[in-house]
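4 protein chains.
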Amino acid sequence: MLKVGVIGCGHWGPNLIRNFTQLRRSDVVLVADLDEARLKHMKGLYPTIETTKDYRDIIADPEIDIVTIATPVHTHYKLASEALFAQKHVFVEKPITASAKEAKALIVLSEKHQRKLMVGHTFVYTTAVRKMKEIIDSGELGKVYYINSQRLNLGLFQQDINVLWDLAPHDISIVLYLLDQEPQTVSAVGASHINPSVEDVAVLTMKFSDSLLAFIQTSWLDPDKIRKMTVVGSKKMMVYDDVQPTEKIRIYDKGVEGPKLYDTYTEFHYSYKYGDIIIPKIEGTEPLRTELNHFIDCILSNKEPVSNGRSGLYVVKILEAAQKSLDKGNNQVPIAEDHGL
Amino acid sequence: MLKVGVIGCGHWGPNLIRNFTQLRRSDVVLVADLDEARLKHMKGLYPTIETTKDYRDIIADPEIDIVTIATPVHTHYKLASEALFAQKHVFVEKPITASAKEAKALIVLSEKHQRKLMVGHTFVYTTAVRKMKEIIDSGELGKVYYINSQRLNLGLFQQDINVLWDLAPHDISIVLYLLDQEPQTVSAVGASHINPSVEDVAVLTMKFSDSLLAFIQTSWLDPDKIRKMTVVGSKKMMVYDDVQPTEKIRIYDKGVEGPKLYDTYTEFHYSYKYGDIIIPKIEGTEPLRTELNHFIDCILSNKEPVSNGRSGLYVVKILEAAQKSLDKGNNQVPIAEDHGL
Amino acid sequence: MLKVGVIGCGHWGPNLIRNFTQLRRSDVVLVADLDEARLKHMKGLYPTIETTKDYRDIIADPEIDIVTIATPVHTHYKLASEALFAQKHVFVEKPITASAKEAKALIVLSEKHQRKLMVGHTFVYTTAVRKMKEIIDSGELGKVYYINSQRLNLGLFQQDINVLWDLAPHDISIVLYLLDQEPQTVSAVGASHINPSVEDVAVLTMKFSDSLLAFIQTSWLDPDKIRKMTVVGSKKMMVYDDVQPTEKIRIYDKGVEGPKLYDTYTEFHYSYKYGDIIIPKIEGTEPLRTELNHFIDCILSNKEPVSNGRSGLYVVKILEAAQKSLDKGNNQVPIAEDHGL
Amino acid sequence: MLKVGVIGCGHWGPNLIRNFTQLRRSDVVLVADLDEARLKHMKGLYPTIETTKDYRDIIADPEIDIVTIATPVHTHYKLASEALFAQKHVFVEKPITASAKEAKALIVLSEKHQRKLMVGHTFVYTTAVRKMKEIIDSGELGKVYYINSQRLNLGLFQQDINVLWDLAPHDISIVLYLLDQEPQTVSAVGASHINPSVEDVAVLTMKFSDSLLAFIQTSWLDPDKIRKMTVVGSKKMMVYDDVQPTEKIRIYDKGVEGPKLYDTYTEFHYSYKYGDIIIPKIEGTEPLRTELNHFIDCILSNKEPVSNGRSGLYVVKILEAAQKSLDKGNNQVPIAEDHGL
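Residue numbers (the numbering used here), protein chains in the order written: chain F, 2 to 342; chain B, 2 to 342; chain P, 2 to 342; chain U, 2 to 342.
Errors might be hidden in some of the hints.
Same chains, same label: a pair holds when it works inside one copy or across any pair of copies.
What the hints assert, rightly or not - Straight-line distance between alpha carbons at most 16 Å, and here's what the computed EDC-like set of lysine to aspartate or glutamate pairs gives: (1) LYS132 / ASP277; (2) LYS102 / GLU321; (3) LYS274 / GLU284; (4) LYS226 / ASP161.
Just so you know, these hints were derived from the structure itself, not from any lab.
Model the full structure from these sequences, guided by the hints.
Structure follows, in structure tokens:
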């Protein structure tokens with residue numbers, strides 16, 4: 002039985018506590034938060050857990066195997082590095098850290114101490130995203146031309162990070178998972194309206210090799226709740242609508258093809274294809290449960306998590322580049338390969 | 002009775018012929034096209050019109066009052082300037098010309114010859130866009146924060162222009178009409194997949210003063226037909242979905258407000274508002290009929306059209322800037338004020 | 002070239018005129034209506050047709066091959082029988098007549114004079130209904146359990162007939178076409194609200210052999226326009242939504258099965274199946290054109306139309322039975338087999 | 002603190018346990034079920050409750066104030082009458098009993114013992130239904146013409162009762178609550194497909210005075226989950242779609258009116274009205290919590306519950322009449338007034 006310590010039980014922490022409690026192979030023993038009322042509330046729901054206002058009690062507890070971190074982003078590095086140093090396996094919420102430099106340091110630490118480091122890219126563990134990955138990898142869509150993602154709704158949860166750092170990690174981690182490659186450049190445009198120093202609407206564009214693009218549109222100020230991703234391929238197209246309760250994915254047997262050879266002086270003929278639409282059945286399981294079970298598997302069998310430190314780093318590199326682009330005229334910012342790692 | 006000559010009866014021309022024929026104050030007398038089959042087809046539908054393969058027959062006909070131009074964009078300037086020179090009123094399809102320089106020249110010509118010059122920004126004449134303008138101008142939405150527009154579907158109609166020049170004129174003309182101001186900078190990102198030299202997916206961003214943004218997303222490669230514009234204001238939000246047959250506009254009594262005064266060291270409190278949604282009744286009239294009637298009114302009463310040469314110019318300036326941004330790294334390109342005009 | 006005379010150019014007649022005019026094998030020569038303004042309007046649209054206020058001019062014209070009848074229902078029998086008597090082929094709008102007796106008389110007349118008699122059950126000629134028929138006949142749905150149809154919207158077009166006689170002929174003709182059998186009994190419930198003697202909302206239920214049911218719900222007073230038919234089978238289920246512009250049919254790989262053998266004292270176990278949904282591509286063609294082309298085919302090749310007099314009779318028999326049920330306590334009314342015919 | 006004993010913890014019982022546990026004024030002390038595994042599971046979730054296989058332990062416990070019954074319908078009467086006899090307040094799931102006779106007996110018992118008897122017509126406690134009631138009572142819709150309700154989905158939960166007894170109590174209780182009157186007659190049509198003796202699809206029609214109708218369509222065999230009720234009034238119309246997560250009610254400013262006075266010999270003119278649609282904001286609260294809080298209020302303040310024994314009786318009378326109609330030819334069955342009560 003793996004013993005879990007949870008740092009932070011505000012917005013997301015309770016979901017971690019509930020799942021680690023319900024899983025057969027793990028148990029939550031200690032929860033830390035600065036807010037005593039939250040701790041009391043958690044103790045009420047789970048009478049067997051202990052609570053503390055000092056996260057260092059978790060780090061110092063020799064019985065604890067796993068430390069989970071669901072605190073503001075700027076604290077992730079400090080908490081995760083102390084936990085790794087104390088030989089704990091670490092599960093940290095997305096984004097993994099506030100900078101690529103910090104993420105790299107955590108990766109190095111986790112390798113040195115031979116402890117698992119996993120980041121909470123939860124969507125990568127949903128049945129819908131898994132299904133999309135399967136479809137893309139099967140070649141059914143043909144060559145992927147572009148991905149267009151929207152994550153919009155009314156809601157401001159964050160004060161220390163902007164809408165890109167808050168919402169785009171979901172889309173970026175899904176896109177990287179689906180395409181299995183890093184972008185070459187990133188650009189971003191956005192603006193702040195409610196809090197003058199924090200962007201509340203932004204579009205991020207990733208350019209991959211060979212004209213492959215991914216657009217990610219995020220907003221905290223949209224009247225509708227929209228969670229939609231379109232994957233356009235040379236043979237078929239696919240739409241993932243996460244707001245739909247059951248019909249999350251649609252595969253369109255539609256496409257456009259240019260002529261194989263053509264002469265610019267003669268008429269250019271496109272061929273269009275219109276066919277059936279398929280809505281594959283997708284099981285509805287709680288992705289966080291799948292995710293934490295996977296983490297436990299990785300610890301017990303010494304495997305590398307799908308959303309490991311490197312995945313976390315890739316997302317943060319893109320967010321950093323996007324921030325640079327936002328700050329200086331929206332121009333493309335290159336993504337460096339990490340030869341050092 | 003105003004006599005109309007129509008140059009080009011391919012994709013859009015037949016709609017112009019039908020409407021000018023049905024209006025009481027105008028009549029189509031001569032239609033020009035390079036394609037004899039199209040001319041024959043038109044003659045079949047409207048036995049009283051004459052046809053010609055040489056557009057100069059229209060320019061030269063002293064009986065003709067109005068010349069309408071529905072030909073490829075790169076021919077607009079030549080045809081329109083010859084018509085204005087021949088003292089005709091000119092109606093030209095969007096975008097007005099292939100460059101801002103050409104558009105300016107047409108404006109100067111139309112003023113010199115005291116003839117009306119109007120561009121086919123048809124959406125500005127729809128009851129839905131008129132309703133949106135009315136709502137924004139009434140102050141009901143509060144201060145406009147941003148506009149987000151999507152114009153996506155499967156379809157490639159153009160060979161000489163990319164998806165931005167093909168589809169974005171609709172959105173740009175709507176946005177300029179709604180906001181009644183020009184953007185300060187424009188940036189754009191896109192890529193070509195079917196025809197290597199022609200972008201088939203692109204996002205254009207316009208920045209106005211005071212953090213006001215407008216995003217326009219266009220694609221010829223999307224499986225769904227999407228024509229949607231969201232206007233986010235400080236008090237309310239509005240969504241215009243042109244694909245809906247009757248419920249085109251929704252007004253959401255929703256919003257977020259930051260505290261009037263706040264101290265960054267203390268907790269920052271937002272206030273959210275959730276209220277009713279209203280779907281106003283909108284009459285369904287054919288916008289092209291409204292548009293052409295307006296053109297005739299302007300000619301007969303010597304008024305300036307809503308979508309006059311300047312409107313056409315503003316759209317083309319933005320398209321030119323977007324093209325520049327597309328071509329060099331997606332950076333912001335400033336929109337110059339036209340002191341010369 | 003078949004010469005067509007059209008009696009009635011009010012609501013539906015103009016569609017008949019347009020289609021018979023555009024088809025290569027037919028031409029409209031004479032149109033009759035009591036309303037001179039309508040005749041003038043038609044003459045304006047189709048300058049080559051002649052018009053008359055006296056339908057007997059059509060009946061008496063020896064050049065005319067086909068008489069189409071789009072007049073109030075109570076006149077159908079008189080007009081159609083005179084036309085058949087004058088050796089014309091007859092196309093009459095639905096419902097074929099105001100009573101089964103009249104319908105039988107027309108069938109007898111058409112057989113005696115060896116002329117084609119066809120009724121305008123247009124939906125039977127749509128690509129969507131044809132696709133449904135193909136799917137049911139293939140056995141893909143298994144045994145059909147029930148059909149549920151809704152035809153609702155805001156609109157009162159008829160004064161001489163109630164909502165069942167107005168709207169249900171569409172659904173009844175589709176159901177009979179899909180199932181290829183007559184019901185054994187019919188019951189109906191409804192009420193009048195606007196015009197005291199004319200039902201404006203009603204539900205009709207047809208019972209076939211072996212527990213097979215069809216429900217048809219009609220209303221002139223519904224805020225939404227709904228045209229939806231669900232076909233539930235033992236293996237799969239199918240929904241036809243005619244309001245959808247392109248995605249008209251969905252096939253659900255869903256079902257419930259009871260155990261083959263079971264003991265009422267033990268637990269009764271059902272098995273549920275949930276699978277993919279398929280939206281087959283359906284071509285969008287104008288069904289009236291298909292329908293009239295089929296009528297011409299039947300005349301030229303001496304074939305029996307799909308929606309022949311007997312189809313018309315079956316629908317009217319059901320409407321008569323439904324009316325009886327409406328009038329006396331909603332009880333089941335048996336449908337007699339027509340041994341006489 | 003009111004002490005609660007719960008009989009039955011299968012499908013719905015756990016919701017009762019959870020809510021009574023979380024409410025401040027009540028506590029669950031004892032849970033009875035025949036299935037030991039279920040009892041163990043409940044004990045795991047709520048360690049402080051006691052469990053028993055013999056419901057008589059609950060009846061006999063002098064500390065228990067409230068007995069809740071969530072067992073198969075045919076057991077309701079026996080359990081509820083024993084509990085009332087033992088001076089308990091009784092909350093019983095819908096339908097209240099398997100016959101009107103039983104329901105009347107419970108009402109008499111509850112009055113004799115001065116104990117509260119409440120039936121779980123949960124929808125009557127939803128914010129959406131409350132909002133509809135408010136709108137109808139305000140006269141905004143004008144005179145109500147008819148109500149059309151659909152409750153369809155794939156799912157067979159019951160073996161001892163058919164689809165009408167299972168699903169229609171929801172719709173009947175909503176309709177009676179909205180209209181505040183009993184129907185005069187009831188008719189029903191349906192059929193069995195999976196289990197030969199249990200109807201799995203059925204339509205029930207209630208006729209009230211003055212042409213007011215209510216249609217209720219139920220199915221366990223529909224591919225889509227549909228929970229939709231349309232209320233058509235003389236001035237406005239309203240649609241309640243319970244499947245929508247937030248936009249549950251739409252008010253349509255639409256209508257049709259006949260002329261005040263008319264002469265059947267002259268043309269009959271209807272006037273149509275098309276106006277805005279309003280989607281009122283509705284708070285999302287758990288209706289079961291509202292319901293149980295209301296029950297506690299009624300006990301503590303000696304008030305009559307909204308869904309009291311009489312409400313339960315009215316629903317069962319309608320179900321009985323519907324069953325009679327189903328069994329013999331679908332004819333109207335009158336609803337007797339209960340002078341005896």
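Evaluation of the provided hints:
no.: 1; hint: LYS132 / ASP277; verdict: between (18 Å within a copy, 13 Å between copies)
no.: 2; hint: LYS102 / GLU321; verdict: within (10 Å within a copy, 39 Å between copies)
no.: 3; hint: LYS274 / GLU284; verdict: between (30 Å within a copy, 12 Å between copies)
no.: 4; hint: LYS226 / ASP161; verdict: neither (23 Å within a copy, 38 Å between copies)
In summary, the structure is inconsistent with hint 4 from the numbered list given earlier, while agreeing with all the others.
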